[in-house]
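Undergrad: Below are the chains, spelled out letter by letter.
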Amino acid sequence: MLSLVPVAEKAENETTDTGTDPTTPARTGAGTGAGGDARAAVEAVWRIEAPRLIAGLTRLVRDLDLAEELAQDALVAALEQWPAEGVPRNPGAWLTTTAKRRAIDGIRRNERLAHRLRLLGHEQEIAQQLRSWEPEAADPKGIQDDLLRLVFTACHPVLGREARVALTLRLLGGLTTDEIARAFLVPEPTVAQRIVRAKRTIAAKRLPFEVPQGAELRERLASVLEVVYLVFNEGYSATAGEEWMRPALCEDALRLARVLTGLLPQEPEVHGLAALLELQASRSRARVDSAGAPVLLLDQDRSRWDGLLVRRGFAALARADERARARGERPGPYALQAAIAACHASAPTAQTTDWRAIARLYGALAASTGSPVVEVNRAVAVGMAEGPQAGLAVLDAVAGAPALRDYHLLPSVRGDLLARLGRADEARAEFERAAALTRNEAERALLRERVAGLGVRHPPGGTTMDA
Amino acid sequence: MRFMMLLRLDPATLPEAGPDEKLMTEMGELIADMTKAGVLVDTGGLRPLDESVRIRQTGGQQTVVDGPFAEAKEFIGGYCMLDVADQAEAKAWASRFLALHGPEWDIETEIRQVESPE
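Just so you know, the sequences run in chain order A and B. Its first residue numbered 1, the first sequence is counted upward by one per residue in this note's numbering. Its first residue numbered 468, the second sequence is counted upward by one per residue in this note's numbering.
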């Protein structure tokens with residue numbers, strides 16, 4: 001049976017090599033050969049265990065940076081030992097025990113670690129806690145609580161969006177700085193800097209490592225959900241670069257959303273976000289044609305939508321509604337967006353889409369968020385339900401909003417409604433404007449095509465939020 | 468990416484008592500862990516092979532065959548659908564699953580990536 005392993009590995013590597021576009025910033029997977037395979041095995045365990053490990057250590061040493069350093073030490077030890085000795089039966093406990101032992105040794109030998117703990121002002125107490133810590137005996141509830149504290153710390157609103165995103169992917173997504181940099185098409189030192197500064201801010205402001213309660217929870221949760229949503233969106237409609245989508249980021253976000261539903265099962269919007277991402281992700285395969293060009297929602301081959309993700313999305317949406325009802329609350333913004341996505345998902349063909357329901361949901365969303373961007377989307381839905389003139393009326397009512405000044409979807413949608421009204425010259429000017437405003441190459445190509453094809457009637461608005 | 472983990476068992480070496488309580492508890496814990504980690508899409512054990520039915524088509528002719536299937540040398544006892552970052556991670560979870568089983572178990576898992584044109 002063992003002889004089968006190298007054969008299988010080889011076949012796998014070959015398909016990966018030929019199947020991957022060399023220009024795609026692919027995630028580092030298993031390398032070739034035994035060394036690379038062993039390393040990949042350690043890294044895989046790391047991805048699984050890192051969040052819990054860092055969360056547990058942060059609670060003990062009360063410093064995120066220090067906790068991460070101790071966790072990294074344990075990873076180095078694993079990389080040294082596991083390839084030769086094999087992955088231990090309980091790798092999480094092994095990593096935690098190793099991190100703990102190194103921390104205690106460090107304190108005993110009065111190294112830099114002891115110095116840093118003195119700076120933090122509670123060296124003795126922490127050393128004592130570390131010694132009495134029994135990772136093997138950790139109860140699941142305690143681990144969940146530690147993870148939640150880590151989530152709320154990484155997504156603390158005092159941190160900038162980019163810092164929150166980088167920190168969350170690194171600490172909770174188990175991504176390396178390099179992976180985050182490649183995903184967001186920025187240089188690695190930039191991401192490294194963001195993380196260092198974020199950790200410094202957390203330390204300097206002495207942010208408590210705890211889960212907010214009551215009214216504060218709601219506010220802080222919004223910040224957490226926003227981070228996950230931003231990560232997904234960057235993967236789903238890349239704001240810059242040549243590719244239309246970066247699927248690895250979508251997968252990271254989806255995973256984070258699923259993790260959150262386990263950590264905060266009573267929060268309706270956590271399920272709402274999960275539902276939204278499952279449903280949007282279900283269309284990934286259909287959103288790009290064989291040449292990599294974007295395919296608009298209404299042009300998509302619905303048989304290529306991922307049924308499993310659709311079902312998961314519907315289930316999450318039902319949970320979101322149920323939790324909201326139990327609290328006597330209206331559906332939140334994520335649940336509403338998920339409900340819109342669900343309208344599309346449940347229409348067997350583009351023609352049978354219930355645009356009136358979608359327009360209503362956008363109306364509710366606009367009321368709860370006050371966002372002019374939502375009104376742009378509502379204009380699309382109204383344009384479909386009641387005709388382009390009605391859509392244009394909704395659009396023109398918000399067109400002057402300062403937030404929409406450089407928003408490329410406004411001229412894009414406007415151009416589409418005008419084209420359907422037969423006002424080709426005005427439509428052309430709007431599409432040109434949208435093409436100049438978008439930072440995504442694939443989308444620009446699509447808009448230029450619309451200019452070239454004016455006179456031909458097209459389904460509208462696929463590049464809106466729910467594409 | 469999605470992986471299907473198929474659990475293969477050999478009826479000849481299957482512990483007669485089946486999974487004991489400890490194994491069932493630990494399996495439940497691992498499944499909870501996988502769910503919380505956001506990687507478990509679906510999992511289930513399969514009912515005994517004797518209850519299964521096979522439909523075979525050769526030369527355009529279908530034959531329905533009911534159990535028991537005495538000739539089986541191994542059978543699929545369960546499955547687990549994972550949504551993970553790469554094959555290495557699927558292997559890490561699968562290895563954890565196998566490790567729950569004591570030395571009396573002779574068990575193999577086949578890990579197949581689900582086709583996903585991207």
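If you are wondering where the hints come from, they were derived from the structure by calculation, not from laboratory data. The beta-carbon is built from N, C-alpha and C at its ideal position, and this holds for glycine as well. Heads up, a few of these hints could be off.
Unchecked claim - Below are the EDC-like pairs computed for lysine to aspartate or glutamate, each with C-alpha atoms no more than 20 angstroms apart in a straight line:
hint	chain 1	residue 1	chain 2	residue 2
1	A	Lys100	A	Glu123
2	B	Lys540	B	Asp500
3	A	Lys141	B	Glu496
4	A	Lys205	A	Glu188
5	A	Lys100	A	Asp73
6	A	Lys141	A	Glu123
7	A	Lys205	A	Glu162
8	A	Lys141	B	Asp500
9	B	Lys540	B	Asp509
10	B	Lys489	B	Glu577
11	B	Lys489	B	Glu541
12	B	Lys540	B	Glu496
13	B	Lys489	A	Glu162
14	B	Lys503	A	Asp139
15	B	Lys503	B	Asp517
16	A	Lys100	A	Glu162
17	A	Lys141	B	Glu493
18	B	Lys503	A	Asp145
Stated by the list, open to error - On the chain A side, residues computed to face chain B include the following (Cβ under 7 angstroms):
hint	residue
19	Ala44
20	Val45
21	Arg89
22	Arg258
23	Gly262
24	Leu421
25	Arg444
What the hints assert, rightly or not - Cβ pair distances, simulated, as ranges:
hint	chain 1	residue 1	chain 2	residue 2	range
26	A	Ala192	B	Phe536	54 to 64 angstroms
27	B	Ile543	A	Ser303	38 to 48 angstroms
28	B	Ile543	A	Gly370	24 to 34 angstroms
29	B	Thr492	A	Gln351	33 to 43 angstroms
Undergrad: Confirm or reject each hint.
TA: Evaluation of the provided hints:
no., hint, result
1, A:Lys100 to A:Glu123, "14 angstroms, holds"
2, B:Lys540 to B:Asp500, "32 angstroms, violated"
3, A:Lys141 to B:Glu496, "12 angstroms, holds"
4, A:Lys205 to A:Glu188, "26 angstroms, violated"
5, A:Lys100 to A:Asp73, "10 angstroms, holds"
6, A:Lys141 to A:Glu123, "27 angstroms, violated"
7, A:Lys205 to A:Glu162, "18 angstroms, holds"
8, A:Lys141 to B:Asp500, "12 angstroms, holds"
9, B:Lys540 to B:Asp509, "26 angstroms, violated"
10, B:Lys489 to B:Glu577, "24 angstroms, violated"
11, B:Lys489 to B:Glu541, "24 angstroms, violated"
12, B:Lys540 to B:Glu496, "30 angstroms, violated"
13, B:Lys489 to A:Glu162, "45 angstroms, violated"
14, B:Lys503 to A:Asp139, "14 angstroms, holds"
15, B:Lys503 to B:Asp517, "34 angstroms, violated"
16, A:Lys100 to A:Glu162, "31 angstroms, violated"
17, A:Lys141 to B:Glu493, "16 angstroms, holds"
18, B:Lys503 to A:Asp145, "12 angstroms, holds"
19, Ala44, "4 angstroms, holds"
20, Val45, "5 angstroms, holds"
21, Arg89, "5 angstroms, holds"
22, Arg258, "3 angstroms, holds"
23, Gly262, "4 angstroms, holds"
24, Leu421, "37 angstroms, violated"
25, Arg444, "22 angstroms, violated"
26, A:Ala192 to B:Phe536: 54 to 64 angstroms, "58 angstroms, holds"
27, B:Ile543 to A:Ser303: 38 to 48 angstroms, "28 angstroms, violated"
28, B:Ile543 to A:Gly370: 24 to 34 angstroms, "54 angstroms, violated"
29, B:Thr492 to A:Gln351: 33 to 43 angstroms, "52 angstroms, violated"
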